[in-house]
Structures are given as C-alpha cells and as structure tokens.
Amino acid sequence: MNAPPERNARRFDHLDLRVGNRAEARAFYGRVGPLLGFPYAEDAGDWTCFCALPPPAVGEYLAFIEDPAHRPGRTCHALWAESRAAVDAIAAGLRAAGAPALEGPAMYYWGHYAVYFEDPAGNRFEVCYREFNHNFDPRIPPAAGS
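Taken in order, the sequence shown gives residues 69 to 214; the numbers are from our numbering.
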C-alpha cells in the first residue's frame, strides 16, 4: 500500500468551469483569483485560465468557457487554506470584491473552518481549513490560537 501524500501535496490539476458571460467571469476572477492562489490570467481561444504559476509553467488552474446555456449545479468546489487566518483574509478579500452568496467564515463541524461563495455564473466555491482532531469528536473545541 502506498503512503498517503504529504499534507501540502498538490491535490488537483485544474477546475474546468462553464459560465454564462466570459467577460463578467474574467473581471470577477481578476479580483478573486489572486486571493485563491491563482494570480496569473491567460486567454486562449474560447477559454480563460487563472493559474497558480505564470504561463507557460504548468500548475493548478481555474479555467472557464462561455456557455450561454450554463445553469449552475449544486456542486461545491472546495479549496484548501493554510490556516484560519488565511480563510479570514480570503473572506475579507471576497467581501471587498463583491463575491455573491458569501457565507462565513465560520466553524462548521469537526474543525472545519470555511467561507463559501459563488462566482457570477453561480458556480459554488468553498475555502476551508481543517483543524484535525483524530478523535473526530465535534464536542472537542478547536485548539487555542488556531
């Protein structure tokens, strides 16, 4: 059996989203992409990409294509943050950027501290930090200072 990956190991390659209005999505992700760790924008053909690394390097990225028939689903794309303070800073930036459907940040369950939001197309996101408690007992409060 293989050993589990390191905690900070890369967990995904990219998210390929659909949006109803590419220009509106590009403006939104131009404001929030850097908050989420995707500061580099690139347009290529009919898609736009916000990347963790400067192109042409390959790293994690969010990509979207305009689809006038797009209807948001109930899927939530969760991204990991380094700490509760990072979630708080991202939430403040999302609020300043006018992110729709902003909820949190708050402690939810089993040390799950998160902020939720949507993009203008209704694609749902979460940025979370987990305070791991191997007992998985929701009655145990988070560690002090976390």
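In short, the hints are calculated from the structure, not lab data.
Note that beta-carbon positions come from the ideal geometry of N, C-alpha and C, so glycine has one too.
Mixed in with the good hints there might be a few duds.
Claimed, not checked - Computed Cβ-Cβ distance ranges for the label pairs, DEER-style:
#1 153 <-> 124: 20 to 26 Å
#2 157 <-> 88: 28 to 34 Å
#3 107 <-> 153: 17 to 23 Å
#4 88 <-> 198: 19 to 25 Å
#5 188 <-> 80: 21 to 27 Å
#6 124 <-> 151: 18 to 24 Å
#7 113 <-> 198: 33 to 39 Å
#8 109 <-> 178: 34 to 40 Å
Outcome of the hint check:
no.	hint	in the structure
1	153 <-> 124: 20 to 26 Å	violated, 33 Å
2	157 <-> 88: 28 to 34 Å	holds, 29 Å
3	107 <-> 153: 17 to 23 Å	holds, 19 Å
4	88 <-> 198: 19 to 25 Å	violated, 33 Å
5	188 <-> 80: 21 to 27 Å	holds, 22 Å
6	124 <-> 151: 18 to 24 Å	violated, 31 Å
7	113 <-> 198: 33 to 39 Å	holds, 37 Å
8	109 <-> 178: 34 to 40 Å	holds, 36 Å
Checked against the numbered hints given earlier, the structure breaks hints 1, 4, 6 and satisfies all the rest.
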